[in-house]
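Using the hints, put the two chains back together into the complex; each one sits in its own frame.
So you can see what is in the structure, the chains are spelled out below.
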Amino acid sequence: MTIPHLAGNTVLLRLEGISKRFGGLVANDQIDFELCAGEVVALLGENGAGKTTLMNILFGHYVADAGRVHVVDESGRLSELAPGSPQAALAAGIGMVHQHFALAHNLTGLENIILGTTSSFAVSLRRREARARVSSLMEEIGLKVDVDAPVHALSMGERQRIEILKALYRRARVLVLDEPTAVLTPQEAQTLFSAVRALARRGLGVIFISHKLEEVLALANRIVVLRSGRKVAELAVADANRNVLTRHMIGREIEPDRPTAARPGAPVLVLEGVSCGSGRDRLVEASLTVHAGEIVGIAGVSGNGQRSLASLVAGLERLEKGRALALGKPIVSNPRTMIDRGVGRLTEDRNLDGIVGDLSVAENLILERTRSPAVKSRGFLRHSTIRKDAEQIIRAYDVRCPGPDAPIRLLSGGNIQKLLLARALHGAPRLILANQATRGLDIGATIEVHKRLQKAAADGAGVLLISEDLDELLAIAHRIAVLHAGRLTPAVKTSLLDVPTIGLAMAGHVSGAFADERPLADEAADSARELIQ
Amino acid sequence: MKRVDFRLEPRGKPSILLLAGIPVLSGLVALVLALGLLSMTGAPLGRAVLLLIEGAAGTPFALTETLTRATPLIFTGLAAAVAFRAKLWNIGAEGQLYVGALAAVAVGGHLETPSLVLIPLIILAGATAGALLLLGPVLLKTRLAVDEVVTTLLLNFVVLLFVQMMLEGPMKDPMGLGWPQSVPILDAGMLGQLVPQMRLHSGLILALLAAVAVHIIQRHTFIGLEMRAVGGNAAAARFAGIPVASTLVITGLMSGALAGLAGVSEVAGLKGYLTSDLSPGFGYAGIVVAMLAMLNALAVIPAAIFIAGVFVGADTMSRGLGISSYFADLVVALALMCTLVGSLFLRYRIRILRIA
Chain A
102 MTIPHLAGNT
112 VLLRLEGISK
122 RFGGLVANDQ
132 IDFELCAGEV
142 VALLGENGAG
152 KTTLMNILFG
162 HYVADAGRVH
172 VVDESGRLSE
182 LAPGSPQAAL
192 AAGIGMVHQH
202 FALAHNLTGL
212 ENIILGTTSS
222 FAVSLRRREA
232 RARVSSLMEE
242 IGLKVDVDAP
252 VHALSMGERQ
262 RIEILKALYR
272 RARVLVLDEP
282 TAVLTPQEAQ
292 TLFSAVRALA
302 RRGLGVIFIS
312 HKLEEVLALA
322 NRIVVLRSGR
332 KVAELAVADA
342 NRNVLTRHMI
352 GREIEPDRPT
362 AARPGAPVLV
372 LEGVSCGSGR
382 DRLVEASLTV
392 HAGEIVGIAG
402 VSGNGQRSLA
412 SLVAGLERLE
422 KGRALALGKP
432 IVSNPRTMID
442 RGVGRLTEDR
452 NLDGIVGDLS
462 VAENLILERT
472 RSPAVKSRGF
482 LRHSTIRKDA
492 EQIIRAYDVR
502 CPGPDAPIRL
512 LSGGNIQKLL
522 LARALHGAPR
532 LILANQATRG
542 LDIGATIEVH
552 KRLQKAAADG
562 AGVLLISEDL
572 DELLAIAHRI
582 AVLHAGRLTP
592 AVKTSLLDVP
602 TIGLAMAGHV
612 SGAFADERPL
622 ADEAADSARE
632 LIQ
Chain B
55 MKRVDFRLEP
65 RGKPSILLLA
75 GIPVLSGLVA
85 LVLALGLLSM
95 TGAPLGRAVL
105 LLIEGAAGTP
115 FALTETLTRA
125 TPLIFTGLAA
135 AVAFRAKLWN
145 IGAEGQLYVG
155 ALAAVAVGGH
165 LETPSLVLIP
175 LIILAGATAG
185 ALLLLGPVLL
195 KTRLAVDEVV
205 TTLLLNFVVL
215 LFVQMMLEGP
225 MKDPMGLGWP
235 QSVPILDAGM
245 LGQLVPQMRL
255 HSGLILALLA
265 AVAVHIIQRH
275 TFIGLEMRAV
285 GGNAAAARFA
295 GIPVASTLVI
305 TGLMSGALAG
315 LAGVSEVAGL
325 KGYLTSDLSP
335 GFGYAGIVVA
345 MLAMLNALAV
355 IPAAIFIAGV
365 FVGADTMSRG
375 LGISSYFADL
385 VVALALMCTL
395 VGSLFLRYRI
405 RILRIA
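Taken in order, these protein sequences are the chains called A and B. Here the first sequence stands for residues 102 to 634, where the numbers follow our numbering. Here the second sequence stands for residues 55 to 410, where the numbers follow our numbering.
If we strip away everything but chain B, and leave its shape as in the complex, we get (with noise of 0.2 Å):
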């Protein structure tokens, strides 16, 4: 009788190729196997799958919408990438994001500034309540040795509840009509239109110059080469003389303020003004971009884009065929799982063994 039997190998370095083709294989794998679960419902799938890609990226107003969506993506990727690769698990992209949206308003709608000097204000004060927010979490890691995932994790849900305090109290908007809304931001602290009746707004490009900013970071900095190490071997960086505490504060703010900025971008760039539903898990959404970009900073971009488009195309799709939207979580769902058992073939192989 013959088996068969299945055994992972470890691989030297991978290539370029796989390095590249893991994760565009793993968002195909986890979109198949999405539409396997479509099926089921009894939807026409190639009608499905012709739905998502045109709503996603079928018109201009459609890539504008995803590219609109990719935008607060990029930045919350950005702060799990950074964080990831110094291995500080920062979960808390959402409260840091809700912080962030939050001090944009504060100042952007009360201070009567040229735009020239409101924007960067705004900016600063987004990126620094992100930041801080991160920094207590990280503090607490490193003094006390408390775990970062529980502590990001729970500020979530203060950070939430807090937002929705401030809506109905002190923050509230007199001209609102009652609704829990904060004020609008002035005018001149709105962030531009890239095109002409759309909502796509130059907090895209934010996004962008902060992904490259990021990758010179890590790769040409001397602090990117001491996150790296910390990540890497956090006893060897010890050893060598790294200050491994204060490294994984810089990159705690550093985290933080990006995801901070995706708070900024999405109300100083898309609503103008701040509800307790400004996000619908970006913070969460990010960790997955990050991953699904191995936590690689530029590579953030097209995975952010990626998922952005599963989003804005299940909407459409679920709009033409009457399922639930939940059909975009359940990709990026799937997307992150795809990808962390895709990872596991960067370092090993399979071999098939037959066994007489």
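Chain A on its own, in the form it takes in the complex (with noise of 0.2 Å):
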């Protein structure tokens, strides 16, 4: 037996007053928070609410300004977490998983879950005995996994598992999840709660991060919500809704994501049996038809073959094999052509390679034209155009920011997003590429987003939105295939698509609608003659 009973109702960690400031912003704002032992609590709180600034302090890697952790000891009393120590919470019994995964991938699982917990200099890391243990772990939790395969060769469900079973070895009492279920497809998921109820069953105290509501109902005790780094409710699962929690959470009423009529007009993207790409992100015979004034979603669960494919549709991938059309040209693997013939880009990673973030918003506004007569005349820029568009930007947009000269570094991600939002949508593209369009973003932006793309779908651009989320693209796209393992589905209404349907074939287990689907290369086929004509 490995996981520590401890009775009904201790009190495992309790946070008092913890305040945190960094420069202006307040992240965390006198917050107190207690957790019993079998307890699930969820913290709710859009992206910049102060949840993972909470839970990096819980975890030492920062120092609160003000306020203290007491965390449980062996003896069952309370007692003071020493701050800004990762090695003091281990040694207290707290495990965390991170959203980004901390394994070394060239290790097998095994190898990650014992790393750091035996001394530098012992002769033998007593695999065994570590076999023995994880294997009766496992058993118990309901969680399978191969350790004994190579972290790389593992799906991000497998390693999250893999993380998880190492705060296990480690004796955590507080097990702290951070955003789990977003690399996961809905069944992963079910695996993942109920494994994480058997653990609160076992005693454990389990802090369950996360901005989705469905998801916060269906598996807390309790809730608490965070709102611009003040505790804004505390309130047990059997009092809470949907609709209370959203008002906590975003502190007003919010217009829900309303479905728009698709209008299809002519293909503006067509792929015919398009391979390209390399590694565990490749596409493979992946064919597709996007029309004029419709959404077409792309599900799956990052890694899976998206990558590829958006680099093809963004003009920075070649093509290896097959046809690929976007807007009645073959695609050519040059950006500034693809862009000048109308397609607007959104990448997935703002940061990565979205913004450059030393430079000025107005400046980064006008990166996809640096050439164009609009920005530049005579080599010199126009500073007073490219300011005084970036100001129409910036309020046609609400984009919160000091004002078009500051470097948009500073800005958060949801301002961050309206603004090359704004970039791609400049020109009315008629083909638009929307990917990871809302991730990290909250409520109020990610209804923002969802708008400005439906209108644009409406005023006839086609564009292709591709989501890890779920609820997003059901709520917004037409017509949704799904990726796994660099195969694509046919794309399939979406009004004849449930969630089951859509969970099993980003699983790689085609069913429903999706095998109904007329074959593939017919359709592309179809699009193609009907774009010659």
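Just so you know, not all the hints are guaranteed correct.
Pairwise CB distance ranges (calculated) [to be verified]: (1) 74/B - 322/A: 54 to 60 Å; (2) 60/B - 452/A: 23 to 29 Å; (3) 503/A - 167/B: 54 to 60 Å; (4) 193/B - 586/A: 36 to 42 Å; (5) 216/B - 380/A: 42 to 48 Å; (6) 610/A - 60/B: 53 to 59 Å; (7) 561/A - 141/B: 52 to 58 Å; (8) 559/A - 201/B: 47 to 53 Å; (9) 60/B - 199/A: 34 to 40 Å; (10) 122/A - 216/B: 56 to 62 Å; (11) 189/B - 561/A: 44 to 50 Å; (12) 74/B - 199/A: 36 to 42 Å; (13) 202/A - 87/B: 42 to 48 Å; (14) 200/A - 74/B: 35 to 41 Å.
In silico SDA-like pairs for lysine to any residue, Cα to Cα no more than 25 Å straight-line [to be verified]: (15) 313/A - 553/A; (16) 556/A - 544/A; (17) 141/B - 458/A; (18) 552/A - 430/A; (19) 325/B - 141/B; (20) 422/A - 292/B; (21) 141/B - 594/A; (22) 489/A - 275/B; (23) 430/A - 292/B; (24) 556/A - 594/A; (25) 141/B - 461/A; (26) 141/B - 472/A; (27) 489/A - 513/A; (28) 226/B - 213/B; (29) 489/A - 270/B; (30) 489/A - 271/B; (31) 141/B - 470/A.
In case anyone wonders, no lab produced these hints; they're calculated from the structure. Glycine residues also receive a C-beta, built at the ideal position from the N, C-alpha and C atoms.
Have a look at this one:
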């Protein structure tokens, strides 16, 4: 037996008056918070509400400006945790599964689990003992994974299990899961939830960080809502529902997404047996047609070919096999050509290849047309026009920023995304690639982005919306295709689909409406014919 | 027991005061550290400081000497600043300086034309030579991803040996009494003096103009914006359709040309002919100048004057006190390190924690 049993309602963890500022930003403001044994507490809040900061303080990555953390010790008494020390947090039995895993890819799962638990000078790793303990842990909580396979060969869901086992192996009494479902298929998420419930029954305290209301309502016993760094509500799950939680999270009523009708016109994107990219993210013989006036969603866990598909349409990837047409002409591996042809593109990772952080807001807005006569004359930048355009975009998209001259890196993710959206939609593109367009955005910003994409589609653009968020796809996509291991299912009308069918397809089992669809090649060939006429 | 802990935390936008203060403070800290080391030699510190300042700026002569020294440093500082801004690590300004000088004497030593034609020709030749020398490493970088730090650094030694070969062979001055030196640049090709009786020459004006030109290109032209975008985030620049490779090539040509101009200004403004000890490491010192200027083209001017002042002042000091003039190198090296440490504080602030 490996998981420590603690009596019914022992308090495992108490945070008292935690405050933390970063410059002028109050990330945490007097937050009190308690976690009991056997309990799942959800920490709910929008991005930037202070969830991650709070957990980083708990785990010793940051030191709070004020407040204390108490953790139960072996004898069952609460004692203060030394601030700013991850080692102390680990020793006190706090385990954390970060959103981005901290695993060594070339080692096996088992090696990752025992890494750091033995002295660096130990002669043997005592693998046999470790394996026995890990096996019994897996048995107990119902999380199975091949611990002898190297981590790079595991799926994201399997890696997450390794992370959880790692925390349990270190005898964690408190387990923190930071946005754990972001990388899972719906079915995998269900498995995770039952494992978490099993852990809670065993007496662990679990903190579940999320911004997804359904998950929180399904899993948590108690819900703590953070907004702008403050704890605004703490309620039992019985007292909570979607509306109450949304109001607490956002502080106001929000108009939900409203699906629009598709008015498909001529094809704007045609893929026929397209292969490109390399490695795990390779796209294999994909066929797809996006028409003007419709939003086609691509569901699937990231790393299944999304990057290759997006790079191809963005003009960053060379076509290897098949036929790819954008707006009637073959896709070429040249971003500027694609932009000039009328393809609007939103990148998956804003900070990685979206913005140049040290350039100003205004400069970032014109990066895609540095050579257009609208922004330069005789080689010189037309500063006043550029500035005026930027000011207008800031107003139109309601971007919160100090002004057009501020370095863009100072802005929040939501505001950066609004600017990038404005840049992509400049000149009314007829094909729009939106790759994870709302990842990490709060509800307000998400709905804003959705509205803009819907409006673009209504005005006659074809939208290719690649997303991990099924709710998003079901809300605004007219048709949905699923990517798994580089293979793309047919795109099926959203009204014919449900979450389990999409979830199965995300795990590689094509069934239901996806299986009923006509063979892909026919559809693509039709589109190509239509296009040529 | 109380424990005191330090921690770096990110800060927002740095203030103007901080931006200007950090390089100045870095220079001062470097001087103080160097004086600390100097005191270990037993030299009288007060007199040392006095001699240093006097030697750098105490007399009109000292001042013009400092500015003369600063002239090539402005060029090489600009060469580094332009390249580094686009994250093109040109460590080869020393070599580019020498090929620039070589081209200058090749043209200026033989072409019998009026000044109005000859001087622009010399300038053009030197700039072109420097630019072409950097073109190779840049193409290797953009085509084959060869690290330009290695190629540009190693080219410095190749170029220096090449210059020595030329000075011993085809370009040796037959009237040079056997010394390995080139023919002198014709009088019509020499840059004029700025102050009578002093060595200060109009290369300084050229350097100042170059700094202003670089500033305008970086801030006000689309190509400058593309350079800054490529340096700031090459992946984002590529995504936005900026031609990253050709932007790097243009950056490299500019950087190499500026370093080549340092060579032109030294031979056509100061020495008159080329020897293989034309530069006491101006190319490398230019990197320090650029860092001290935080890669800002206009700030290169005061940074170069500071470094030049240290060199010139240290000469006077070492003569006066009998200390090695390597002291100047020490200050320059310390200034680089202090600036690098100092620039950390532009993005981070220190927090002191007292833990009970």
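Outcome of the hint check:
1. 74/B - 322/A: 54 to 60 Å: holds, 56 Å
2. 60/B - 452/A: 23 to 29 Å: holds, 28 Å
3. 503/A - 167/B: 54 to 60 Å: Given about 56 Å between the Cβ atoms, the range holds.
4. 193/B - 586/A: 36 to 42 Å: holds, 39 Å
5. 216/B - 380/A: 42 to 48 Å: holds, 45 Å
6. 610/A - 60/B: 53 to 59 Å: The hint (53 to 59 Å, Cβ to Cβ) holds, given that residue 610/A and residue 60/B are roughly 54 Å apart.
7. 561/A - 141/B: 52 to 58 Å: Given about 41 Å between the Cβ atoms, the range is violated.
8. 559/A - 201/B: 47 to 53 Å: Because 50 Å falls inside the window, the suggested range holds.
9. 60/B - 199/A: 34 to 40 Å: violated, 25 Å
10. 122/A - 216/B: 56 to 62 Å: holds, 59 Å
11. 189/B - 561/A: 44 to 50 Å: The hint (44 to 50 Å, Cβ to Cβ) holds, given that residue 189/B and residue 561/A are roughly 47 Å apart.
12. 74/B - 199/A: 36 to 42 Å: holds, 39 Å
13. 202/A - 87/B: 42 to 48 Å: Holds: the Cβ-Cβ distance is about 44 Å, inside 42 to 48 Å.
14. 200/A - 74/B: 35 to 41 Å: holds, 39 Å
15. 313/A - 553/A: holds, 22 Å
16. 556/A - 544/A: Distance of about 18 Å is within 25 Å: holds.
17. 141/B - 458/A: holds, 15 Å
18. 552/A - 430/A: Violated, at roughly 29 Å.
19. 325/B - 141/B: Distance of about 33 Å is beyond 25 Å: violated.
20. 422/A - 292/B: holds, 24 Å
21. 141/B - 594/A: violated, 48 Å
22. 489/A - 275/B: holds, 18 Å
23. 430/A - 292/B: holds, 22 Å
24. 556/A - 594/A: Distance ~19 Å between residue 556/A and residue 594/A Cα, so the pair holds.
25. 141/B - 461/A: holds, 18 Å
26. 141/B - 472/A: Holds, because 22 Å separates the two Cα atoms, which is no more than 25 Å.
27. 489/A - 513/A: holds, 22 Å
28. 226/B - 213/B: holds, 16 Å
29. 489/A - 270/B: Holds, at about 21 Å.
30. 489/A - 271/B: holds, 22 Å
31. 141/B - 470/A: holds, 22 Å
When the structure is compared with the earlier hints, violations turn up for hints 7, 9, 18, 19 and 21 and for no others.
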